[in-house]
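As given, the protein sequences belong to chains A and B, one line each in that order. Each residue of the first sequence is one higher than the one before, counting from 14 in my numbering. Each residue of the second sequence is one higher than the one before, counting from 14 in my numbering.
Hints may be right or wrong, so weigh each one.
These stretches of chain A come out as covered by chain B in the derived footprint (C-beta under 8 Å, 3 or more residues) [unchecked claim]:
#1 18 to 28
#2 92 to 99
#3 139 to 148
Using 35 Å as the maximum straight-line C-alpha spacing, the simulated DSBU-like pairs for lysine-lysine come out as follows [what the hints assert, rightly or not]:
#4 91/B with 90/A
#5 27/B with 131/A
#6 157/A with 233/A
#7 150/B with 34/A
Every beta carbon over 12 Å from chain B, so not counted as near; a handful from chain A, in silico [stated by the list, open to error]:
#8 71
#9 106
#10 109
Calculated from the structure, these hints are not laboratory results. Note that CB positions come from ideal geometry on N, CA and C, so glycine has one too.
There are 2 protein chains.
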Amino acid sequence: MIQRWAVKIEYDGKDYNGWQKQNNGISIQQRLEEAASQLSGGFQIPSITAGRTDTGVHAIGQVAHLDFPAELSLSAKKIRDGINYYLQPDAISILAAVQVDLSWNARFSAIRRRYLYKILNRPSPPAIEAGRAWHVKKTLDVDKMHAAAQTLLGKHDFTSYRATACQASSPLRTLDRLDVIKQHDHILFEVEARSFLHHQVRNMVGTLKMIGEDHWPIEKASLILKGKDRRLAGPTAPAAGLYLKAVDYKLDIFDPEILGISDIN
Amino acid sequence: MIQRWAVKIEYDGKDYNGWQKQNNGISIQQRLEEAASQLSGGFQIPSITAGRTDTGVHAIGQVAHLDFPAELSLSAKKIRDGINYYLQPDAISILAAVQVDLSWNARFSAIRRRYLYKILNRPSPPAIEAGRAWHVKKTLDVDKMHAAAQTLLGKHDFTSYRATACQASSPLRTLDRLDVIKQHDHILFEVEARSFLHHQVRNMVGTLKMIGEDHWPIEKASLILKGKDRRLAGPTAPAAGLYLKAVDYKLDIFDPEILGISDIN
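Isolated chain A, as found in the complex:
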């Protein structure tokens, strides 16, 4: 018998080779499964995630599910604090854990992914935020970037904005939100969709930056879209600025009021 637990995860992607387990370098998934295995006393604990983030990409609200043997009689608090204990001193932290049905799947039950992309827009390099923002020295025109961003909303063939190595069967995606917001020295991109193509957010940001520095006019963003050719778009923005902010499900499983899990704090 299996017990399925959903976990909300924060990590600093700087020192990891992305989410997915692989032969070269340490991945978030590997560290999570190792810690879960230690907590379980040595069982292999497989995980499925809502978003397989790339090398260097961060998360403040990643969601995954882990399948534990039911015999362990775990609690939400044990899962959260126990995995966190075995994760030390890694830059990965379980923020919450909730037991879910076996029909629930962190990847396939997700109805929306929300990403944040952060540019530090000032002449001086980041000291506090090194590795956690894209440093752009030249002042960008945020209004132009936001205007261009709005032309990408809706259902489109995003071939021009996906990595050539992207393995999704269809290049069609529906972009629900792409707001470009100035906040002191920062430019924040709030991006939402049911799902994204590989590198889609970073390629859109890389293109909008070209518009923000007046290399390209506002119209270029949608012209690139219509061209359906990756070579038309701007360079891929660095991983350091990207955060998986949240994953939404039909039921907000991490809302304590819904599940009465007030005991886990």
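Guided by the hints, dock chain B onto chain A, whose structure is given.
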């Protein structure tokens, strides 16, 4: 002939042995003076700072002045970008540079220091903010902490809140602001005074935390003050949560509108 330049500095204190040059470990001051020396072509460039922060303490608005030989004909942009160039890849960044009179002194001309102390108040350890906040698992009562903080405002003998090793000649200080603010998972302490005793901010935060977790009543903060004995106060809060946020001068030298230094961006 000497040219004096004031610089505004950001740093992540995690990897440094504090501001001041010393025999063990790398200090911010050492790296700043080394980079300034490289920029000058090998001169020794002495510096004076507004706040000699301790090991592990951060800054987002530290101020120092540097004395360069006038013959170098430096500009604000050269100072900022040149020092930043030689500082790479250190977690230290010059945010702005302004030429000042020789009568101006980063330490003695300062009329106010503003500190920020950051607690991450949640059960899960920090992943993104590791080393840049004090992680406190138990939920703290922010209202009680703020109420206690207000009893410390004004001019007092802060003997109870200063490090026993503090070398200031007088324990009298005037505390102008100590606001305790809840912001999602964070508790922020905004602290302002003309000057502080050694460890004063961290000792006040350590004491307020004891009140926030209901170990002590609100009144204890002022009782400790009146007792004039360091042993009465709470433990020193960790350096990781402390940020030197800003230093104020009679004239806001870094305000571009005052000095017409719009060219430096």
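So, going through the hints one by one against the coordinates:
1. Check on the region 18 to 28 of chain A: 3 of its residues sit with their Cβ under 8 Å from a Cβ of chain B, so the three-residue criterion for coverage holds.
2. Interface restraint, the region 92 to 99 of chain A with chain B: holds (3 residues with C-beta to C-beta distance below 8 Å; minimum three).
3. Coverage of a stretch by a chain is defined here by at least three residues with a beta carbon nearer than 8 Å to that chain's beta carbons; for the region 139 to 148 of chain A and chain B the count is 5, and the condition holds.
4. As the CA atoms of residue 91/B and residue 90/A are separated by approximately 54 Å, the hinted pair breaks the 35 Å bound.
5. About 22 Å separates the Cα atoms of residue 27/B and residue 131/A, which keeps this hinted pair within 35 Å; it holds.
6. With a C-alpha separation of about 11 Å, the suggested pairing of residue 157/A with residue 233/A holds against the 35 Å cut-off.
7. A threshold of 35 Å between alpha carbons decides the hint, and for residue 150/B with residue 34/A the separation of about 31 Å falls inside it, so the pair holds.
8. Against chain B, the non-interface label of residue 71/A is violated: not every CB pair exceeds 12 Å, the least being about 6 Å.
9. Against chain B, the non-interface label of residue 106/A is violated: not every CB pair exceeds 12 Å, the least being about 4 Å.
10. Interface exclusion of residue 109/A from chain B breaks down, the closest Cβ pair being 8 Å apart, not more than 12 Å.
Hints 4, 8, 9 and 10 from the list above are not met by this structure, while the remaining hints are.
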